[in-house]
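**Q** As a plain string of letters, each chain reads:
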Amino acid sequence: MSWQTFILHVFTYGILLYSLLLLICYILIGSFSISETRTYLNKNSFTDYRVLASSTEAPSISVLAPAYNEGATIIENVRSLLSLHYNNLEVIIINDGSKDDTLEKLINAYDLFKVDFFVNEQLPTKPVKGVYKSHNPVYRKLIVVDKENGGKADALNVGVNVAQNNYYVCIDVDCVLEQDALLKLAKPFLENTTQRVIAAGGVVRIANSCQIEGGRLVKVNLAKQFLPRVQTLEYIRAFLLSRMAWTRLNGLLLISGAFGAFDRDIVIKCGGYNPNTVGEDMELVVRMRRYMEERNEPYRVSFIPDPLCWTEAPSTFKILGRQRNRWTRGTIETLRIHKKMFFNPRYGLLGMLSYPYWLFFEFLAPIIEFVGTIGLIIYCLTGPVNWSLFMIMLGVLSIGILYSIFAIMMEVLTYNQYRNKKDILRLVLVAVLEPIVFHPFVVWSAIRGNIDLLRKRNSWGEMTRQGFVTEKKAQ
Amino acid sequence: MKILVAEDDQLMLKMLEFRLKKDGHEVIVTHDGREALEKINDFQPDLVITDIMMPYLSGLEIIGAVKKKYPTGTPVIILSGMGQENVVMEAFQLGADDYITKPFSPNELSVRVRRFDMSIVK
Amino acid sequence: MGTLFHFLPINLLAITAFLPNALIIKLHYQAIVILFIICLMIALLTYMLFYMYFKSKHEKKHVKWRIISDLLIRKAVFYDDDDEEAETLIPVTKRAEKLMRNKHFRALLTAEILSAKKNITGTSAENLIHLYQQLNLEKYALKNLKSRYWYIKAKAIQELTVMEMKEFQTLLYPFTNNHNELVRMEAQTAIVQFQGFEGLRFLDIIIYPISDWQQIKLLQQLSNVPPVYIDIDGWLKSANSSVVVFALKLARNYHRFELHDLILSCLDHPNPEVRLQAIHCLCEMYTDETSDQLISRFLKESFRHQLAMIKAMQNIGSEKDILFLLSLLDDDNHEMKLSAARALASIGKSGLTSLQDHVKSAGYPLNEILMQIKGELAA
Numbered sequence: 258m259s260w261q262t263f264i265l266h267v268f269t270y271g272i273l274l275y276s277l278l279l280l281i282c283y284i285l286i287g288s289f290s291i292s293e294t295r296t297y298l299n300k301n302s303f304t305d306y307r308v309l310a311s312s313t314e315a316p317s318i319s320v321l322a323p324a325y326n327e328g329a330t331i332i333e334n335v336r337s338l339l340s341l342h343y344n345n346l347e348v349i350i351i352n353d354g355s356k357d358d359t360l361e362k363l364i365n366a367y368d369l370f371k372v373d374f375f376v377n378e379q380l381p382t383k384p385v386k387g388v389y390k391s392h393n394p395v396y397r398k399l400i401v402v403d404k405e406n407g408g409k410a411d412a413l414n415v416g417v418n419v420a421q422n423n424y425y426v427c428i429d430v431d432c433v434l435e436q437d438a439l440l441k442l443a444k445p446f447l448e449n450t451t452q453r454v455i456a457a458g459g460v461v462r463i464a465n466s467c468q469i470e471g472g473r474l475v476k477v478n479l480a481k482q483f484l485p486r487v488q489t490l491e492y493i494r495a496f497l498l499s500r501m502a503w504t505r506l507n508g509l510l511l512i513s514g515a516f517g518a519f520d521r522d523i524v525i526k527c528g529g530y531n532p533n534t535v536g537e538d539m540e541l542v543v544r545m546r547r548y549m550e551e552r553n554e555p556y557r558v559s560f561i562p563d564p565l566c567w568t569e570a571p572s573t574f575k576i577l578g579r580q581r582n583r584w585t586r587g588t589i590e591t592l593r594i595h596k597k598m599f600f601n602p603r604y605g606l607l608g609m610l611s612y613p614y615w616l617f618f619e620f621l622a623p624i625i626e627f628v629g630t631i632g633l634i635i636y637c638l639t640g641p642v643n644w645s646l647f648m649i650m651l652g653v654l655s656i657g658i659l660y661s662i663f664a665i666m667m668e669v670l671t672y673n674q675y676r677n678k679k680d681i682l683r684l685v686l687v688a689v690l691e692p693i694v695f696h697p698f699v700v701w702s703a704i705r706g707n708i709d710l711l712r713k714r715n716s717w718g719e720m721t722r723q724g725f726v727t728e729k730k731a732q
Numbered sequence: 003m004k005i006l007v008a009e010d011d012q013l014m015l016k017m018l019e020f021r022l023k024k025d026g027h028e029v030i031v032t033h034d035g036r037e038a039l040e041k042i043n044d045f046q047p048d049l050v051i052t053d054i055m056m057p058y059l060s061g062l063e064i065i066g067a068v069k070k071k072y073p074t075g076t077p078v079i080i081l082s083g084m085g086q087e088n089v090v091m092e093a094f095q096l097g098a099d100d101y102i103t104k105p106f107s108p109n110e111l112s113v114r115v116r117r118f119d120m121s122i123v124k
Numbered sequence: 020m021g022t023l024f025h026f027l028p029i030n031l032l033a034i035t036a037f038l039p040n041a042l043i044i045k046l047h048y049q050a051i052v053i054l055f056i057i058c059l060m061i062a063l064l065t066y067m068l069f070y071m072y073f074k075s076k077h078e079k080k081h082v083k084w085r086i087i088s089d090l091l092i093r094k095a096v097f098y099d100d101d102d103e104e105a106e107t108l109i110p111v112t113k114r115a116e117k118l119m120r121n122k123h124f125r126a127l128l129t130a131e132i133l134s135a136k137k138n139i140t141g142t143s144a145e146n147l148i149h150l151y152q153q154l155n156l157e158k159y160a161l162k163n164l165k166s167r168y169w170y171i172k173a174k175a176i177q178e179l180t181v182m183e184m185k186e187f188q189t190l191l192y193p194f195t196n197n198h199n200e201l202v203r204m205e206a207q208t209a210i211v212q213f214q215g216f217e218g219l220r221f222l223d224i225i226i227y228p229i230s231d232w233q234q235i236k237l238l239q240q241l242s243n244v245p246p247v248y249i250d251i252d253g254w255l256k257s258a259n260s261s262v263v264v265f266a267l268k269l270a271r272n273y274h275r276f277e278l279h280d281l282i283l284s285c286l287d288h289p290n291p292e293v294r295l296q297a298i299h300c301l302c303e304m305y306t307d308e309t310s311d312q313l314i315s316r317f318l319k320e321s322f323r324h325q326l327a328m329i330k331a332m333q334n335i336g337s338e339k340d341i342l343f344l345l346s347l348l349d350d351d352n353h354e355m356k357l358s359a360a361r362a363l364a365s366i367g368k369s370g371l372t373s374l375q376d377h378v379k380s381a382g383y384p385l386n387e388i389l390m391q392i393k394g395e396l397a398a
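Residue numbers (the numbering used here), protein chains in the order written: chain A, 258 to 732; chain B, 3 to 124; chain C, 20 to 398.
Quick caveat, the hints were computed from the structure, so don't treat them as lab data.
Being a predicted model, the structure only gives us computed values, none of them experimental.
A couple of the hints might just be wrong.
Result set (DSSO-like, lysine-lysine): computed pairs, CA atoms no more than 27 Å apart in a straight line [unchecked claim]:
1. C/LYS83 / A/LYS441
2. C/LYS185 / B/LYS24
3. A/LYS679 / C/LYS83
4. C/LYS158 / A/LYS300
5. B/LYS23 / C/LYS137
6. A/LYS476 / C/LYS330
7. C/LYS319 / A/LYS679
8. A/LYS526 / C/LYS74
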């Protein structure tokens, strides 16, 4: 055997092993998700969440909503936040140095005045310019913080500093929440008797083409455009299957920045959001987990599958590409910051399973796929016609589609948001088209993210912060 | 008496409507806060019975709106599952005229409503 | 951002190009595998569509059924028993009676009755119970009680609880220490519903922890019954920490001042949650020595507990604590400073003056803290 064939064999067997492992992961994720979802639904089928709304013992929650140039919709959005069903609540809007009239609009609409407020800078942030409260007792839950522009992570850190309550829920101000969202999100923190629940995530669903009135979701529709529609499928797959499965293992690494609840105490002890990464939401959860592991305190990151938070998905390739580019960079940065945990038994499941999974199947997957595809194209152009190759291609494709259809089935059997049978068929069609039309673009965006990061590494210091409006639109 | 009832639970709403109609009142029903405000403007009820936790607008905001529009008349009764001291106090501070906590007795509600019926008082 | 946004890499296929011949599966086997996968897809899809078909058919029926059941419930709620004759029946239409044989209709009706019952008290509520019994719905609940699935069991217990089926309480009592958490929770709630404070006896024997959620539910349940004097002492000494925490909450909510010393002893409990709850409890029921007791333990405690103590001092602090609180103004932590300053301000004029006279009160951060506190006092 020549050394060329030897290398070729190592390479092919390596990829074969990788693919088989991934396939096994898919099967495991599917089955874990089924059992976790079933337990959750059975457990909560007769839960009366109103008990929490009417109890004096309910934990106190601060809602943190950073806003940047949201003048057009801010009043409506704040109103819907104030109408959330929860008593022991404060709603903190952080105006991150908006250049438009966001603050003025809030002051006028909610009759705000500047109060003397000592902002305890437990987390270092850009300076706070003022804290506002309302003269009107109906809006006593509302606090508006005006600060200098510093990006989303910085705005959230200010929110954490200002917040007085034990837990906080961070949300994107343009998300549409169900009114009982907080009641449901608070429950995991109260249920556990042996582990401390440090964070709880919720599902994010796609709101494109849905009917929204006065900051409230009136009717769920399947997105009409192709891009949001594929993302609907992606989100179902990611939230209903993957996150549920990881929750069962207590290995969840990511809570969406658009909707999640955190133990404020632990967040402060960990040092809050990292303003130097674009993936601040993932980085924080990983850091919190690491903190708990290092202290050997039993803990849990919880997740609830109810569709409670709806958001507009990017509908152009340009914005979507930017979003995926950023997600990739966020993932890599997070993995890099916490590389110490890689196969480190000290970090238990976190180090031995969650971290390697993210490294191999989230970070490396697009790279391997990209390289593989190029190799394949070269082979096809130069080699003889290979029917076996064609068949295997078809086989892999069909496994992927099967997995998507399985995800759609989970959605139908659980929350069934899309009532129309035609909509389900449309989703299935999208599942078939995705690997051909949509997926290569996602891979390419991820590769671009890698390249951007490699380039930026040389000029790390001058990372421009331009607020998060463009980024946020993409979340 | 013309009564507006705002309550987001359909079954409760139907029962309230039935009971109050039986007592001889004219009843306008709605299950969300925003519609309640519109109907208050359109129908000018003599009494408003409202839940607190409702879509769009909370009952507390409805009190404020009613008291602003009719500074003297139109009493508001809160009918809510929330019985916490701070909520009840807040409701009264905002100008609520009565506060009934769920679970409630329909008979009791009927009597309390009658208190506000000017035609009977006179 | 999320796990599994990535798809099974299609490059898996690239390997075949380089695979040694021995490993390449014969073409027709590959075709069989693909066919199998496609069949699976079609099976899942068909199942989904059938499921949706039956569900929507069901829902259309549900709309009709809901009208029937709502009518029935309304009739029951406003049923005037004018005849003064005992045990008059609530009129049930022939149609509803016939439907009662359908288990889906029964489930719907039961759910509607339960939701109405939760919102209503008085004669109307009693009428609802009559309706429930008249339709023999409790028989089905009792049957579900024997189910081997925990969630059906738990749901049945909840149903019997809401409908106040007191006669079955002996059946439910053993479930209070059931190994399944949900079953246990519902049974505990049931006993408290039936027996009020007396029902809390299960706390004597329970070996499992009571979650915060369950504590909230129990306290809610208790708030609906007239308070009765019960012996809490034993629970405050329980080996089960969650029972101690719950007992502390009871002591606070029902102002059991006579337990003050026992609660003080909980400040030395090994479990930090118990100590924290004890501080919260003392915050509402205190003597003039309570603050000394807190201060004496201050240095031994973790930051979280220290902060809770100082927050409690807002309620229980008095002039003799001023010196101690002033010393905390030099603490490194701003939150501690703020809480100490608030406590000082709440002591009254002497506290506030001593705060203003503090050497550092003109500099950051005390000046800003002072401003905020003055704003709070004015509000």
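**Q** Does each hint hold? Answer for all of them.
**A** Hints and how they fare:
The hinted pair formed by C/LYS83 and A/LYS441 fails the criterion: a straight-line CA distance of about 30 Å is larger than 27 Å. This hinted pair does not check out: C/LYS185 and B/LYS24 have alpha carbons roughly 33 Å apart, beyond 27 Å. Restraint check for A/LYS679 and C/LYS83: the C-alpha separation of about 25 Å stays at or below 27 Å, so the hint holds. About 23 Å separates the Cα atoms of C/LYS158 and A/LYS300, which keeps this hinted pair within 27 Å; it holds.
Restraint check for B/LYS23 and C/LYS137: the C-alpha separation of about 23 Å stays at or below 27 Å, so the hint holds. Proximity of A/LYS476 to C/LYS330 is assessed by CA-CA distance (about 46 Å); at most 27 Å being required, the pair is judged violated. Using a Cα cut-off of 27 Å, the hinted pair C/LYS319 and A/LYS679 is violated, with the two alpha carbons roughly 66 Å apart. Using a Cα cut-off of 27 Å, the hinted pair A/LYS526 and C/LYS74 is violated, with the two alpha carbons roughly 49 Å apart.
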